[in-house]
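> Here is how the chains run, residue by residue.
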Amino acid sequence: MAHSESTGAPLLAVMDLRVNYGGIEAVKGVSFAVEEGEMVCLIGANGAGKTSTLKALARMLPAGGEIHYAGRRIEAAPPHALIGMGLALVPEGRGVFARLSVAENLAMGAYHRRDGEIAADLERVHELLPRLRERARQLAGTLSGGEQQMLAIGRALMGRPRLLLLDEPSMGLAPLMVQKVFEVIRTVAAQGVTILLVEQNARLALDVCNRGYVMESGRITLADTAASLAADPRVRAAYLGE
Amino acid sequence: MDIFLQQVFNGLTLGSIYALVALGYTMVYGILGLINFAHGEVVMIGALTALAAANALLALGLPVPLVLLLALLAAALVCMALGFTIERVAYRPLRNAPRLAPLITAIGVSIVLQQLAMLIWGRRYHSVPQLLPSGSHTIFGAQVTEVQMIIMATAALTMLALTQLVNRTRLGRAMRATSESPSIAALMGVDANRIIALTFVIGSGLAALAGVMVSANYGITHYHMGFLLGLKAFTAAVLGGIGNLAGAMVGGVLLGVIEALGAGYIGDLTGGVFGSNYQDVFAFFVLIVVLIFRPSGLMGEKVSERA
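The listed protein sequences derive, respectively, from chains U and Y.
Residue numbers are given in this note's numbering: position 94 of the first sequence equals residue 94, and the series is strictly consecutive.
Position in the second sequence (first residue = 1) + 242 = this note's numbering.
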């Protein structure tokens with residue numbers, strides 16, 4: 001699934017991104033980049049603008065600024081065109097189609113594809129997330145929160161993403177389930193998918209990622225490797241509860 | 243002759259037509275949360291287009307089955323184009339407007355279509371040429387015409403096909419996903435505008451078929467026929483649970499039977515004070531009862547907050 005960009009430009013480069021909702025500026029000009037194969041997190045408190053940033057990248061919210069992805073400007077692209085370029089979002093709250101079965105949700109993940117390898121990818125997703133095979137015929141709305149999160153990730157993988165945006169995958173899950181979800185995310189990253197992760201659980205996010213950005217009231221206030229951020233006293237005090 | 247069974251068969255015929263029209267309301271509501279009040283007028287345009295096409299083709303001396311097929315095709319094409327245009331011109335610009343705006347627009351579109359039809363076809367009633375076999379059969383003591391049988395069978399097959407399309411195909415899956423969440427479906431690469439346009443086109447095709455059936459059933463048609471039929475089909479969709487396909491089918495058939503039985507027995511029940519000309523009252527009586535006791539309808543999940 002990994003590609004290498006001959007230009008050497010990052011896979012995703014965001015410049016001066018601004019998001020307004022009803023008069024409130026949720027994101028106030030943030031700039032950051034994600035290299036191919038990296039695992040990067042955006043951490044910060046509730047309301048810092050992390051989810052708005054991801055939604056703007058997925059074109060679910062109108063935004064100002066520039067978004068460069070895989071050598072293209074995508075800030076004016078229609079939202080349904082992104083998955084065809086390999087950009088997938090696992091939304092906050094998981095966003096599974098509750099009235100569709102698990103199998104149908106996974107099939108929706110491959111909606112844009114016309115190649116002959118969908119069945120093979122389904123097999124791979126089932127190997128990674130065996131629970132989804134067991135529950136294939138069940139309506140997604142009847143799954144537990146953790147299973148829905150697994151389904152949302154599996155559905156995104158069915159689209160063969162090159163860059164996977166994950167919005168709060170640990171939200172509302174029991175600690176054991178959070179561990180499982182993050183194991184899956186690590187496996188996906190190891191298979192070469194570039195990941196941009198938004199998390200309130202900073203400890204977990206910094207533990208799995210290579211680099212991180214800290215967001216505070218709509219701005220990026222710190223940017224460093226995950227290890228340095230985890231060691232930074234400001235981060236430790238504000239986000240790691242020390 | 244058994245009046246009960248007779249009225250049940252009449253009701254099933256009428257109900258199959260209501261069901262086809264109700265599907266158009268429910269599909270659009272399911273995906274946009276919009277009550278497309280112009281839908282009844284699309285049925286009327288379908289009926290009158292088919293009539294015009296049939297008369298022209300009969301004048302050419304074409305064989306009757308071919309005339310029927312071509313007239314139906316002409317009506318379907320005109321209605322589909324009309325449904326597509328209505329969505330594009332009247333509703334799409336209001337996609338993010340306050341919810342009353344598209345509702346009022348729908349009423350406006352319906353007036354425009356009605357007046358347009360009046361200008362084209364005039365205010366008079368048109369009699370419809372007999373294109374379907376005119377025989378009838380006695381079933382359990384009730385007289386069932388071949389026209390009624392054809393209407394019921396065609397409606398049943400059409401609904402079966404639609405159910406398969408929605409539940410078994412890639413397009414149907416995308417339609418259901420979009421009706422649940424257009425923005426999440428877009429993340430999967432679904433172009434919501436395309437799905438919405440297709441929903442209008444499919445619903446309008448069903449409306450064309452229903453229009454032909456109504457005129458075949460009554461042998462008469464005019465520019466004002468869409469209004470009451472549309473309201474009743476909307477009632478059927480609400481009765482079944484608006485937004486729910488199976489609900490529209492069940493609601494349509496049920497409403498037709500209720501109406502026919504009501505018309506059949508109202509004279510006896512009121513000692514002759516009210517006659518079967520009060521038939522139309524039943525549909526709206528049902529609507530009021532449903533809205534009071536089960537606003538989500540027979541098969542609806544929950545009451546939507548959208549208008």
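Heads up, a few of these hints could be off.
[As the list claims (entries may be wrong)] Each pair of labels, with its calculated beta carbon distance range: (1) Arg334(Y) <-> Ala81(U): 34 to 42 Å; (2) Pro130(U) <-> Arg334(Y): 20 to 28 Å; (3) Ile353(Y) <-> Ala98(U): 52 to 60 Å; (4) Ala488(Y) <-> Pro130(U): 31 to 39 Å; (5) Arg337(Y) <-> Gly172(U): 29 to 37 Å; (6) Ala13(U) <-> Leu533(Y): 33 to 41 Å; (7) Ala339(Y) <-> Arg114(U): 29 to 37 Å; (8) Ala81(U) <-> Thr411(Y): 41 to 49 Å; (9) Gly145(U) <-> Thr411(Y): 46 to 54 Å; (10) Arg236(U) <-> Thr411(Y): 50 to 58 Å; (11) Ala98(U) <-> His466(Y): 20 to 28 Å.
By construction, these hints were calculated from the structure, which means they are not laboratory data.
We treat Cβ as the ideally placed atom computed from N, Cα and C, and that holds for glycine.
> Does each hint fit the structure? Answer for all of them.
Here is what the structure says about each hint:
no.: 1; hint: Arg334(Y) <-> Ala81(U): 34 to 42 Å; verdict: violated (19 Å)
no.: 2; hint: Pro130(U) <-> Arg334(Y): 20 to 28 Å; verdict: violated (43 Å)
no.: 3; hint: Ile353(Y) <-> Ala98(U): 52 to 60 Å; verdict: violated (38 Å)
no.: 4; hint: Ala488(Y) <-> Pro130(U): 31 to 39 Å; verdict: holds (33 Å)
no.: 5; hint: Arg337(Y) <-> Gly172(U): 29 to 37 Å; verdict: holds (31 Å)
no.: 6; hint: Ala13(U) <-> Leu533(Y): 33 to 41 Å; verdict: violated (55 Å)
no.: 7; hint: Ala339(Y) <-> Arg114(U): 29 to 37 Å; verdict: holds (36 Å)
no.: 8; hint: Ala81(U) <-> Thr411(Y): 41 to 49 Å; verdict: violated (23 Å)
no.: 9; hint: Gly145(U) <-> Thr411(Y): 46 to 54 Å; verdict: violated (30 Å)
no.: 10; hint: Arg236(U) <-> Thr411(Y): 50 to 58 Å; verdict: holds (54 Å)
no.: 11; hint: Ala98(U) <-> His466(Y): 20 to 28 Å; verdict: violated (42 Å)
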